[in-house]
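S.K.: One-letter residues, chain by chain:
Number of protein chains: 2
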Amino acid sequence: VSAQRDAPGPRRRDAEMLAAAADVFYRHGYAEATIRDIAETLGILKGSLYYYIETKEDLLFRLLTSVQDDVDRIRAETVGRDDLEPLDRLERYVRRQAEYNVRNLVLITVFLHDLDQLTGPRREQVLARRKLHQGCVEDVIREAQAAGLVDPESDATVLRHCVFASIVWTYRWYRQSGRARPEAVADLCAYFVLGGLRRSALRTA
Amino acid sequence: VSAQRDAPGPRRRDAEMLAAAADVFYRHGYAEATIRDIAETLGILKGSLYYYIETKEDLLFRLLTSVQDDVDRIRAETVGRDDLEPLDRLERYVRRQAEYNVRNLVLITVFLHDLDQLTGPRREQVLARRKLHQGCVEDVIREAQAAGLVDPESDATVLRHCVFASIVWTYRWYRQSGRARPEAVADLCAYFVLGGLRRSALRTA
Chain L
1 VSAQRDAPGP
11 RRRDAEMLAA
21 AADVFYRHGY
31 AEATIRDIAE
41 TLGILKGSLY
51 YYIETKEDLL
61 FRLLTSVQDD
71 VDRIRAETVG
81 RDDLEPLDRL
91 ERYVRRQAEY
101 NVRNLVLITV
111 FLHDLDQLTG
121 PRREQVLARR
131 KLHQGCVEDV
141 IREAQAAGLV
151 DPESDATVLR
161 HCVFASIVWT
171 YRWYRQSGRA
181 RPEAVADLCA
191 YFVLGGLRRS
201 ALRTA
Chain E
1001 VSAQRDAPGP
1011 RRRDAEMLAA
1021 AADVFYRHGY
1031 AEATIRDIAE
1041 TLGILKGSLY
1051 YYIETKEDLL
1061 FRLLTSVQDD
1071 VDRIRAETVG
1081 RDDLEPLDRL
1091 ERYVRRQAEY
1101 NVRNLVLITV
1111 FLHDLDQLTG
1121 PRREQVLARR
1131 KLHQGCVEDV
1141 IREAQAAGLV
1151 DPESDATVLR
1161 HCVFASIVWT
1171 YRWYRQSGRA
1181 RPEAVADLCA
1191 YFVLGGLRRS
1201 ALRTA
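Protein chains in written order, with this note's numbering: chain L, 1 to 205; chain E, 1001 to 1205.
Just chain L, with the same shape it has in the complex:
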């Protein structure tokens, strides 16, 4: 355990490489970014970076899948909790995911802006995984509708988009320099989304 902490292993080197790539893609945009920029950010030679990757797209693909790994973990620990009722699972999911997004603005921005730059089967893989994730969240909304907790007349797909909107849009307004702490933002997003979903929120007009 101690040896693992002292010597930067391949996992840590990997994390540093991905963080540098995210930073460069964020600042220059993926299209303009170069492997040289990323190597310079890491303080190594361009040739050394080619020891780990073959193309710039390799880095983008690994970045996006690492975000998807994190999102899968969050989903498993919240939406996947079959012992809890559906709205409770959704509330936990929104809180965890909103906090993750606010704490990882650079990664999330690269994910949203540069996903379209991926090509071929890797693009298909990322899109299929995202679709699967969205479907899982929508399934819990449908479960809540079946249980009478959410209006069964409402379009579950539109509701799912509203849920994601509250989480995702943080990347456009949240600034780490602002006064709102990530946990407070996450709490309020979860509160807002739950209120929006609950059947008790009757139409006034």
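Fair warning: there could be bad hints in the mix.
To be verified - Okay, derived cross-link-like pairs now, SDA-like style, lysine to any residue, Cα gap no bigger than 20 Å in a straight line: (1) L:Lys131 to L:Arg73; (2) L:Lys131 to E:Tyr1174; (3) L:Lys56 to L:Arg73; (4) E:Lys1131 to L:Gly178; (5) E:Lys1056 to E:Ala1076; (6) E:Lys1131 to E:Lys1056; (7) L:Lys131 to E:Lys1056; (8) L:Lys56 to L:Gln125; (9) E:Lys1056 to E:Asp1072; (10) E:Lys1131 to L:Tyr171; (11) E:Lys1131 to L:Ala180; (12) L:Lys131 to E:Arg1172; (13) L:Lys131 to E:Arg1179.
As the list claims (entries may be wrong) - Calculated Cβ distances over 10 Å to all of chain E for the following chain L residues: (14) Arg12; (15) Asp23; (16) Thr34; (17) Ser48; (18) Tyr51; (19) Arg62; (20) Glu77; (21) Asp114; (22) Arg123; (23) Asp139; (24) Arg142; (25) Gly148; (26) Tyr191; (27) Arg198.
Hint data in this document are derived by calculation from the structure and do not stem from the laboratory.
Just so we're clear, the structure is a prediction, and the values are computed from it rather than from any experiment.
Glycine is no exception: its CB is placed at the ideal position from the N, C-alpha and C atoms.
Using the hints, position chain E against chain L.
M.R.: Just chain E, lined up with the frame of chain L:
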């Protein structure tokens, strides 16, 4: 009246020019778009377009301010209705604005993606006007808090971002080819947002 309908007046020519510019900026991105592309879309010569504008940025500025004119009108007719209680005003605002966004995906996308391309005092003008708009909506949320309709402990700025998220994020998911009608999407957005704001939406966790 009949003469006005038969001969396309300057107002109609203006609207056609802005629609063509929006279309070209949307398809090519503002940076890549050329005056020639816009003239071709209109079926006129590049030189004829220069009769109305001096630069590509003129067109972007006029486009963005025309969106802001529409948004101001929607706000005046909803948020500005002092005869209604604050949550009722907000609900009407969200419904109208969400429907506008869904019906004007090209304009809204250009607004969100290309605003940063404006320079100098015109950029400042558009940003100041947007800030004023956001402040007006936030003021109504604060009014609702003062009236005990929205939790006064909640951060009104974060709530305002959640309200805008539901409206704005439609540009990323709504496809006119989809089965959800604009009015139905607008209704559900308004329902969701109102539920999210209402104090009755108590925390469960």
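S.K.: All the hints need checking, so say for each whether the structure fits it.
M.R.: Comparing the hints with the structure gives:
1. A C-alpha spacing of about 16 Å is found between lysine 131 of chain L and arginine 73 of chain L, which places the hinted pair at or below 20 Å, so the restraint holds.
2. Distance restraint check for lysine 131 of chain L and tyrosine 1174 of chain E: the Cα-Cα separation of roughly 15 Å lies within the 20 Å cut-off, and the hinted pair is therefore satisfied.
3. A distance of roughly 26 Å separates the Cα atoms of lysine 56 of chain L and arginine 73 of chain L; the hinted pair therefore is violated under the 20 Å criterion.
4. The straight-line distance between the Cα atoms of lysine 1131 of chain E and glycine 178 of chain L is roughly 16 Å, inside the 20 Å bound, and the hint therefore holds.
5. The straight-line distance between the Cα atoms of lysine 1056 of chain E and alanine 1076 of chain E is roughly 31 Å, outside the 20 Å bound, and the hint therefore fails.
6. In summary, the hint linking lysine 1131 of chain E to lysine 1056 of chain E is not supported, as the alpha carbons are separated by about 25 Å, beyond the 20 Å threshold.
7. Taking the CA atoms of lysine 131 of chain L and lysine 1056 of chain E, the gap is about 38 Å. The hint is violated against a cut of 20 Å.
8. Taking the CA atoms of lysine 56 of chain L and glutamine 125 of chain L, the gap is about 18 Å. The hint holds against a cut of 20 Å.
9. Taking the CA atoms of lysine 1056 of chain E and aspartate 1072 of chain E, the gap is about 25 Å. The hint is violated against a cut of 20 Å.
10. A C-alpha spacing of about 18 Å is found between lysine 1131 of chain E and tyrosine 171 of chain L, which places the hinted pair at or below 20 Å, so the restraint holds.
11. Restraint check for lysine 1131 of chain E and alanine 180 of chain L: satisfied, since their Cα atoms lie roughly 19 Å apart, inside the 20 Å limit.
12. Note on lysine 131 of chain L and arginine 1172 of chain E: the hinted pairing holds, with a Cα-Cα distance of about 14 Å set against a maximum of 20 Å.
13. Distance hint between lysine 131 of chain L and arginine 1179 of chain E is fulfilled; the C-alpha atoms sit about 18 Å from each other, no more than 20 Å.
14. For arginine 12 of chain L, the condition that its CB be more than 10 Å from all CB atoms of chain E holds, with the nearest at approximately 34 Å.
15. At roughly 20 Å from the closest C-beta of chain E, the C-beta of aspartate 23 of chain L stays outside 10 Å, upholding its exclusion from the interface.
16. Every CB of chain E is more than 10 Å from the CB of threonine 34 of chain L (nearest about 19 Å), matching its label as outside the interface.
17. No beta-carbon of chain E is positioned within 10 Å of the beta-carbon of serine 48 of chain L; the least distance is around 34 Å.
18. No beta-carbon of chain E comes within 10 Å of the beta-carbon of tyrosine 51 of chain L; the shortest separation is about 35 Å.
19. In this structure arginine 62 of chain L is separated from chain E by more than 10 Å, as the shortest Cβ-Cβ distance comes to about 24 Å.
20. With a minimum CB-CB distance of about 14 Å to chain E, glutamate 77 of chain L clears the 10 Å threshold, and the non-interface call stands.
21. Every CB of chain E is more than 10 Å from the CB of aspartate 114 of chain L (nearest about 14 Å), matching its label as outside the interface.
22. With a least CB separation of 17 Å from chain E, arginine 123 of chain L remains clear of the 10 Å interface cut-off, as annotated.
23. Separation of aspartate 139 of chain L from chain E is adequate, the least Cβ-Cβ distance of about 18 Å exceeding the 10 Å criterion.
24. Even its closest Cβ contact with chain E, about 15 Å, leaves arginine 142 of chain L beyond 10 Å, as expected for a residue assigned away from the interface.
25. With a least beta-carbon separation of about 15 Å from chain E, glycine 148 of chain L lies farther than 10 Å from that chain, consistent with its non-interface assignment.
26. For tyrosine 191 of chain L, the non-interface assignment is contradicted: its Cβ lies about 6 Å from the closest Cβ of chain E, within the 10 Å cut-off.
27. With a closest Cβ-Cβ approach of about 6 Å to chain E, arginine 198 of chain L is found to fall inside the 10 Å limit, against its non-interface label.
In this structure, the earlier hints numbered 3, 5, 6, 7, 9, 26 and 27 are contradicted, and the remaining ones agree with it.
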